[in-house]
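With these hints in hand, go ahead and build the complete structure from the sequences.
Here's the letter readout for the chains.
Protein chains: 4
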Amino acid sequence: MSSEFGRALRISVFGQSHGRAIGVVMDGLPAGEAVDLEELQRFLNRRRPGKNPLSTARREGDVPEFLSGLENGKTCGAPLCAVIPNTDQRSGDYSELQDKPRPGHADYTAAVKWAGQADMRGGGHFSGRLTAPLCIAGGIARQILARRGVYVGAHLFSVGHARDMLFPLHPTPELFDAVAAKPLPVLNDHAIEAMETAILAARESQDSVGGTIECAAVGLPAGLGEPMFGGVENRLAAALFGIPAVKGVEFGEGFHAAALRGSENNDAFTVENGLVRTETNHAGGILGGITTGMPLILRVAVKPTPSIGRPQKTVSLSAGETAELTIHGRHDPCIAHRAVPVVEAVTAAVLLDLLLEGNHGTF
Amino acid sequence: MSSEFGRALRISVFGQSHGRAIGVVMDGLPAGEAVDLEELQRFLNRRRPGKNPLSTARREGDVPEFLSGLENGKTCGAPLCAVIPNTDQRSGDYSELQDKPRPGHADYTAAVKWAGQADMRGGGHFSGRLTAPLCIAGGIARQILARRGVYVGAHLFSVGHARDMLFPLHPTPELFDAVAAKPLPVLNDHAIEAMETAILAARESQDSVGGTIECAAVGLPAGLGEPMFGGVENRLAAALFGIPAVKGVEFGEGFHAAALRGSENNDAFTVENGLVRTETNHAGGILGGITTGMPLILRVAVKPTPSIGRPQKTVSLSAGETAELTIHGRHDPCIAHRAVPVVEAVTAAVLLDLLLEGNHGTF
Amino acid sequence: MSSEFGRALRISVFGQSHGRAIGVVMDGLPAGEAVDLEELQRFLNRRRPGKNPLSTARREGDVPEFLSGLENGKTCGAPLCAVIPNTDQRSGDYSELQDKPRPGHADYTAAVKWAGQADMRGGGHFSGRLTAPLCIAGGIARQILARRGVYVGAHLFSVGHARDMLFPLHPTPELFDAVAAKPLPVLNDHAIEAMETAILAARESQDSVGGTIECAAVGLPAGLGEPMFGGVENRLAAALFGIPAVKGVEFGEGFHAAALRGSENNDAFTVENGLVRTETNHAGGILGGITTGMPLILRVAVKPTPSIGRPQKTVSLSAGETAELTIHGRHDPCIAHRAVPVVEAVTAAVLLDLLLEGNHGTF
Amino acid sequence: MSSEFGRALRISVFGQSHGRAIGVVMDGLPAGEAVDLEELQRFLNRRRPGKNPLSTARREGDVPEFLSGLENGKTCGAPLCAVIPNTDQRSGDYSELQDKPRPGHADYTAAVKWAGQADMRGGGHFSGRLTAPLCIAGGIARQILARRGVYVGAHLFSVGHARDMLFPLHPTPELFDAVAAKPLPVLNDHAIEAMETAILAARESQDSVGGTIECAAVGLPAGLGEPMFGGVENRLAAALFGIPAVKGVEFGEGFHAAALRGSENNDAFTVENGLVRTETNHAGGILGGITTGMPLILRVAVKPTPSIGRPQKTVSLSAGETAELTIHGRHDPCIAHRAVPVVEAVTAAVLLDLLLEGNHGTF
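Protein chains in written order, with this note's numbering: chain E, 4 to 366; chain B, 4 to 366; chain Y, 4 to 366; chain H, 4 to 366.
Simulated from the structure, these hints should not be mistaken for lab results.
Identical copies go unnamed one by one, so any copy, or any two together, can satisfy a pair.
In silico lysine to aspartate or glutamate, DMTMM-like type, Cα no more than 20 Å apart, as pairs: (1) 316 - 275; (2) 77 - 36; (3) 316 - 282; (4) 316 - 267; (5) 185 - 196; (6) 77 - 42; (7) 77 - 41.
Rendered as C-alpha cells:
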C-alpha cells in the first residue's frame with residue numbers, strides 16, 4: 004500500500020508520467036454531491052505549467068474523464084474514478100537515465116526498490132505529474148467542504164530567500180480566491196517581483212530553487228481529530244509528505260515555536276459571540292491533535308527541483324563507477340508555485356476524510 | 004483509532020496521567036527476540052524527570068511490568084503488553100482546570116471532543132507521561148534493530164536560541180551512546196551551558212522554552228519505503244506528530260532546502276566500496292519516500308511547555324466568560340531534552356515496522 | 004497486526020493462557036458511557052467454565068481490572084485497557100506438547116510461524132482463554148448498544164446432531180435474556196436434554212463434540228455497512244473467524260440458500276407502520292452488504308474441541324517421526340455453549356464499530 | 004472505505020454496471036512480473052455469460068485496458084490500473100426499479116445508504132458485473148502465485164440439490180485446469196447433467212437457483228497468517244463476502260465439523276518425505292488461523308439470483324405502499340457457475356497479499 008491515503012474517504016492515485024493515463028479513485032465520497040466541472044477545471048489549471056516563463060513548456064490538457072462514481076453531475080455513492088490520458092510524452096528524453104540516476108530524484112531508490120523494473124520515464128510514478136489526479140480529488144473535496152462552510156486556501160510563502168507575508172489571524176474565502184487569481188499566488192503583491200527574480204535567476208544559471216507554501220483552512224468545527232497518532236497534524240503530515248519534493252511540514256508556529264517562550268507561544272482563550280476562541284493562533288488551530296475551531300495553519304517546504312540543466316556527478320549503475328550526467332529536455336526552475344493548489348488539494352482531502360468520519364466521541 | 008500506529012508492527016498506547024496505569028501493546032514483534040531489561044531501563048531513564056534542576060520534581064519509577072508477549076526474556080510472537088503503574092499522582096493540583104482550560108494544552112479540545120467527560124487530570128491521555136510506554140516500545144525496537152545493524156540516535160539540536168551542531172555525514176552508534184550519556188544530550192559540549200542558561204532563565208521567569216531535536220538512523224538498507232503516501236517520511240511524520248508538543252517535522256535539509264538551489268541541494272551519487280552512496284546527504288537518506296542507504300536524518304520542533312507559572316488569560320467554560328488562571332504544581336521549564344529518547348523511540352518503532360514489512364518489490 | 008480488529012473502534016487483545024495476564028485495549032469508545040460492572044460480570048460469567056459437568060474444572064475468576072479509560076464508572080474517551088490476571092495455571096500439564104503438537108490445535112502452526120519460540124502453554128495466545136478479554140470488550144459494547152436500542156443475543160443452535168429451533172422472525176431483548184439465563188442457552192428447552200446427552204457421551208468416550216451458534220441483532224438502522232468489501236457481512240466474518248475453533252460463518256439462510264429457488268429466498272418488501280420491512284428474512288437483515296433494518300441473523304460453526312483424552316497420532320518435531328500423544332489435564336468435551344456469549348461479544352463489538360463510523364453517505 | 008481489500012497488496016474496485024467503465028487498481032504488486040494477457044483473457048472468459056443457455060444473453064467483451072503499472076508486459080512496481088469500458092448497456096430496462104426495489108437486491112439498502120442518489124441501473128456498483136475487474140486482479144495474482152508453485156482452483160460443488168464430489172486430499176494444478184475446461188466446472192462429470200437440469204428447470208419456472216463453490220489452494224508454505232483476527236480464514240472471509248450473492252463461507256469441514264467428534268475432526272500429524280503433514284485435512288489447511296502446508300480448502304454459498312421473471316411483491320418507495328414488480332430483461336437463472344473463477348480470483352488475491360507481507364515472525 005503506497006499510493007493511497009484516508010480512512011472514511013480513501014484516495015488512491017495511479018499512473019506513470021509517460022504511461023497511458025494517470026488517475027485517481029475516491030472511495031467513500033458522500034452521495035448526491037454536485038461536482039462543478041468548470042470550477043474543478045479552474046482549480047486543475049492552477050497547477051498547470053506553461054502559463055508563463057516560470058514553468059516548463061510541456062503542455063498538458065489535464066481534462067479529467069470520469070469513469071465511475073459521477074452521474075448527471077453528482078456523486079452516486081460508488082467509488083469515483085477519474086483519469087487523464089497522457090498525450091504529450093517525449094520519452095526519448097529519458098533513455099540515458101535508466102543507467103545514470105539523476106541526483107535528487109527517485110531514479111536510484113526506485114531502481115533498488117523494484118529491482119530495475121521501474122518505469123521511470125519522466126519520473127514514472129514519482130513524477131510531479133501525479134499531482135494532477137491529486138488535484139482532481141482535492142478539487143472535488145474542496146467543493147464539498149465549501150458547501151459546509153469549510154474553505155481551504157494557500158499561498159506561496161517563499162521562493163529561495165524571497166518572502167511573502169504570513170496569513171492574517173482570520174483568512175477569508177475571498178482572500179483565498181484573490182490569491183489564486185494572481186500570476187504568482189501570494190498575499191503581498193510586492194513579493195511577486197522578488198520571487199520571479201529568484202526563479203528567473205535560477206533558470207538562467209541552469210539551476211532551480213525551492214520554496215515554502217502556507218496553507219489555511221477556515222470554518223472547521225472544534226473537536227476534529229483524535230489524540231496521539233490520530234491527530235489532525237499526523238494525518239495531514241502523512242498525506243502532505245506524499246507530494247513530491249516536500250521535505251518539511253509544520254503547524255502554527257512550527258519550527259519557530261522552538262525558539263519561543265511558553266508565554267509567547269500559548270494562545271490565550273477568550274469568548275467571542277459566545278464561542279470559545281483564542282486571541283492569537285500560534286497553535287495553528289490544533290491542540291493535542293484536535294482542532295480548536297480557529298483557522299488551521301500549516302506550512303510545507305518544497306525542495307528545489309532536482310532536474311537542473313547543469314552537468315552533475317552521478318554513477319553509472321551498469322559500470323559501477325562515477326559518471327557525469329546532463330539532463331536534457333524540459334524542467335521547471337521552480338515547482339513551489341505549482342505545488343500551491345496541490346497542498347490545498349491534499350489538505351482538503353484529509354479534512355473531508357476527518358469530517359466524514361464524524362466525531363467518534365458521540366453518536 | 005487514535006493512539007495506535009504501525010502496519011506489520013502495531014503499537015497501541017493507553018493510559019491517563021493520573022489513572023491506574025499507563026502501558027503499551029506491541030502486536031507483530033518478531034518471535035525469539037531477547038529484550039535486555041537493564042538496557043531498556045537505562046533507555047527509559049533517559050526521559051525521566053528529576054535528574055537535575057532542569058526538570059520537574061515529580062518522581063516516577065517507570066519500571067515496566069510485562070503482562071504478555073515476553074517469556075524467559077524473549078519475545079514469544081504473541082502481542083507484548085507492558086504497563087507502568089501510576090503511583091505519584093497529586094490529582095488535587097488539577098481540579099480548577101476542569102473549568103478553565105490551560106492555554107496551549109489539550110484541555111479545551113478534549114472537553115469539546117469528549118463532551119466534558121475527559122479525564123484530564125495531569126493532562127490525561129494527552130500527558131507527556133504517555134511517552135513512557137512509547138519509550139518501552141521504542142526501546143525494544145531499538146534493541147531488535149541494533150541486532151541487525153540499524154542504530155537510532157538523537158540529540159538536542161536547540162533550546163530557544165541556543166544551538167548544538169548538526170550530525171556529521173556519517174553518525175556512528177558510538178556517537179549516539181556518547182551523546183546519550185551526557186547531562187544534556189548534545190553533540191557539542193559547548194552547547195550545554197547556553198542551553199542550561201536558556202532553561203533556567205525560563206524557569207526563573209515562571210516561563211518555559213521550546214527546542215528542536217535531530218534524529219538519525221544508520222545501517223538502513225536502500226529501498227525501504229514506498230512511493231507517495233507510503234514513504235518513509237510519511238510514516239515517520241505520522242508517528243512523530245503523536246509525541247505531545249511536536250509542531251514540525253523535517254527531513255534532511257527540510258525547511259532549509261526551500262532556500263537552496265538545486266545544485267546545492269542535490270546529492271551527487273558516487274561509489275564507495277562497491278556501494279552507491281551520495282557525497283552529501285541533503286536528502287536525509289530519502290529520495291521519493293524511499294531510503295537511499297545513507298543515514299536517515301530528521302528534525303522535530305518541540306513547542307515550549309504550555310504549563311507555565313505565570314498567570315494566564317483563559318475562559319471559564321461554565322461561566323462563558325474570560326478568566327485568569329494560575330497553574331500551580333510541578334512543571335518542566337523545558338521538555339525538549341526529555342523528548343530526545345522519545346523521538347528515538349518513535350523513529351525506531353517506525354523503522355522496525357518498515358523492516359518487518361519487507362521489501363514488497365520482490366518475494 | 005493480528006490480534007486486533009475494528010476501524011473507528013479498535014479492539015486489541017493480548018495475553019497467553021499461562022502468562023501473567025490477559026487483557027484488551029479498546030480505542031475509540033465514545034466518552035461518557037456508563038459501564039455497569041455487575042452486568043458486565045454477569046456477561047463474563049456466561050462464558051466461564053466450571054458451572055456444571057459439561058465444562059472443565061478449571062476455575063477462573065475472570066474479574067477485569069480497568070487500568071485506563073474508565074473513570075468513575077464512565078468511559079472518558081481515552082483508550083480503555085482491562086486486564087485479567089492469570090492465577091490458576093498448571094503449566095506442568097503442557098511440557099510434552101512442546102515437541103508433540105496436538106492434532107487440531109495451533110501448536111504446530113505456531114511453532115512454524117514463530118520458529119519454536121511461541122509460548123504455547125495452555126494454548127498460549129491461541130487459547131480459548133483469550134475469549135475472556137473479547138467478552139469484556141463485547142460486554143461493554145452490548146451495554147452501549149442497548150442504550151441506543153440495539154440488542155444482541157445468541158443461542159446454541161446445535162451440538163453434534165442435537166438441534167435447537169431457529170430464532171423467530173423478530174427476536175426480542177426479553178428472549179435474549181431468557182435464553183442467557185438457562186443452563187444451556189437454547190430457545191427450545193427440549194433441546195437441552197439431547198444436547199447434554201451429546202456432550203456427556205463425548206466426555207465418556209474421552210472425546211469431544213462440536214456445535215453451531217445462531218446470533219441475532221435487533222434495532223439496527225437500515226443503511227449500515229458499505230458495498231463489496233466494506234459490508235456488514237465482511238466485517239462480522241473477519242472478526243468472528245478470530246474466535247478460536249470457528250470454521251464457518253453464514254448470514255440469513257446462509258449455506259441453505261444455495262439449495263433454494265430465488266422465489267423462496269427473496270424477501271418480499273412490505274410496509275409496516277410506515278416503515279419498509281420484509282415479510283420474511285432469508286437475507287438475515289443484509290442486502291448488498293448493507294443492513295435492511297430487519298434483524299441481523301448469523302450462524303457460526305464451532306469445531307469439536309481438539310483436546311481429547313484419547314491417544315492420538317502426531318509427530319515428534321525433534322525426532323522427525325510419528326509419535327503417540329495422550330493429552331492429560333482438564334479439557335471441555337464441548338466449547339460451543341461457552342462460545343455463545345463470545346459470538347455475541349464479537350458481533351456487538353463489530354456493530355458498535357459500524358455505528359460509530361456513522362453513515363458516510365451523508366454528513 | 005468499501006470497495007477495497009488487502010494490506011501489502013491493495014485491490015480497489017470501481018465502476019457501476021451501466022456507467023462508463025469498470026475497473027480495478029492493484030497497489031503493491033511486485034515489480035517485474037510478466038502478465039500473460041492471453042492467459043488472463045482465458046481466465047476472464049470463464050466468468051463471461053452467454054456461452055450456453057444457462058446464462059444471460061448479454062454480451063460483454065471484457066477485454067481489459069491497462070492504464071498504468073504494466074509496461075512491456077511486465078509489472079513496473081507502480082499501481083496497476085485496468086479498465087473495461089461498458090458497451091452493452093440497456094439502461095431502459097431498469098427505470099421502474101428506482102421506485103420499486105427488487106426483492107433480494109441491494110436496491111433498497113443502496114437507496115437508504117445513499118439517500119436516493121445511487122446509480123442502480125443494472126445493479127450499479129453492486130452488480131455482478133463488478134466481478135470482472137475482480138477477476139482481472141485475481142487472474143494476475145494467479146499467474147504470480149503459479150510462478151512460485153502456488154495454485155488456486157475451484158469447482159461448482161452444488162446447484163440446488165445437485166451435488167458434485169469434494170476435492171481429493173491433494174488436488175493438483177492439472178485437476179484445476181481440467182475442471183476449468185468443462186462446460187460446467189465440476190469434478191465429477193456425472194454432476195453436470197443434474198446441475199444443468201436444475202438450472203433449466205429454474206429458468207423454465209421464471210425462477211433461479213443457488214449453489215456452492217469449493218475452492219482449493221495448493222503449494223502454500225506452512226506458517227502463513229496470524230493468530231486471532233489476522234488469520235488466513237479471517238482475511239479470506241472478509242474478501243469473499245465481497246462477491247455479490249455470497250452468504251456463507253466455511254473452511255475445511257466447516258459447518259459439518261459441528262456435527263463431528265474431535266476424534267473424527269482432528270487431523271493426525273505424520274511425516275512425509277521429511278515434511279510434517281496431516282493424514283486427513285478436516286482443518287482445510289488452517290490451524291489457529293495459520294496455514295499447515297496442507298491444501299487450503301474453503302466453500303462459499305451463493306444465493307439464488309434475486310432477479311427472477313415471476314411477479315414479486317415489493318413496495319413503491321414514493322407511494323409508501325406495497326406494489327407488484329415484474330423484472331423484465333436479461334437475467335441468469337443461476338450465477339453460481341459463473342462465480343467459480345471469481346472465488347478463485349478473490350482467493351488468489353488474498354493469498355498473494357499474505358505472501359507479500361512475508362512471515363513477520365522472522366526477518
